[in-house]
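**Q** Sequence:
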Amino acid sequence: MSQHDLGKCVINALEQYFRDLDGEKPAAIYDMVLRSVEKPMLEVVLAKAGDNQTLAAEMLGINRNTLRKKLTEHQLL
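If you count the sequence shown from 1, position 77 lands on 77 in UniProt numbering, and the numbers rise without skipping.
In short, the hints are calculated from the structure, not lab data. Small disclaimer: the values here were computed from a predicted structure and weren't measured. Heads up, a few of these hints could be off.
What the hints assert, rightly or not - Computed list of lysine-lysine pairs in DSSO-like fashion (alpha-carbon distance at most 30 Å, straight line):
(1) Lys69 / Lys8
(2) Lys48 / Lys69
(3) Lys48 / Lys8
(4) Lys70 / Lys8
(5) Lys39 / Lys25
(6) Lys25 / Lys8
(7) Lys25 / Lys70
(8) Lys48 / Lys25
(9) Lys70 / Lys48
(10) Lys39 / Lys69
(11) Lys8 / Lys39
Claimed, not checked - FRET-style restraints, in silico, Cβ to Cβ:
(12) Arg19 / Gly50: 39 to 45 Å
(13) Lys69 / Phe18: 27 to 33 Å
(14) Leu14 / Gln53: 28 to 34 Å
(15) Glu15 / Thr54: 36 to 42 Å
(16) Lys8 / Gln75: 37 to 43 Å
(17) Leu55 / Lys8: 25 to 31 Å
(18) Pro26 / Gly50: 36 to 42 Å
(19) Phe18 / Pro40: 17 to 23 Å
(20) Ile62 / Gly7: 17 to 23 Å
(21) Lys69 / Tyr30: 16 to 22 Å
(22) Tyr17 / Asn52: 33 to 39 Å
(23) Arg35 / Ser2: 19 to 25 Å
(24) Gly7 / Ala27: 21 to 27 Å
(25) Glu43 / His4: 21 to 27 Å
By construction, the Cβ of each residue, glycine as well, lies at the ideal position given by its N, Cα and C atoms.
Work the whole structure out from these sequences, hints included.
**A** Structure below.
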């Protein structure tokens, strides 16, 4: 899957979200999208890194402490 395909998935999901609102006011879309994408991303990258947090952090381009914080936030530790 290319970056374009991932973006297309997000667009489709957001379009469906707005259709499903059925007149309701949208709220906290930014946080909703980040929460929806971040946890599965962390799960997949950590698995691909063989549960090696240092390697996973390198793959993600973030600091290992930041990764640990995010893993804790998503209850992945």
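**Q** Looking at the structure, which of the earlier hints fail to hold?
**A** Numbers 8, 16 - these are the hints that the structure violates, sorted from lowest upward.
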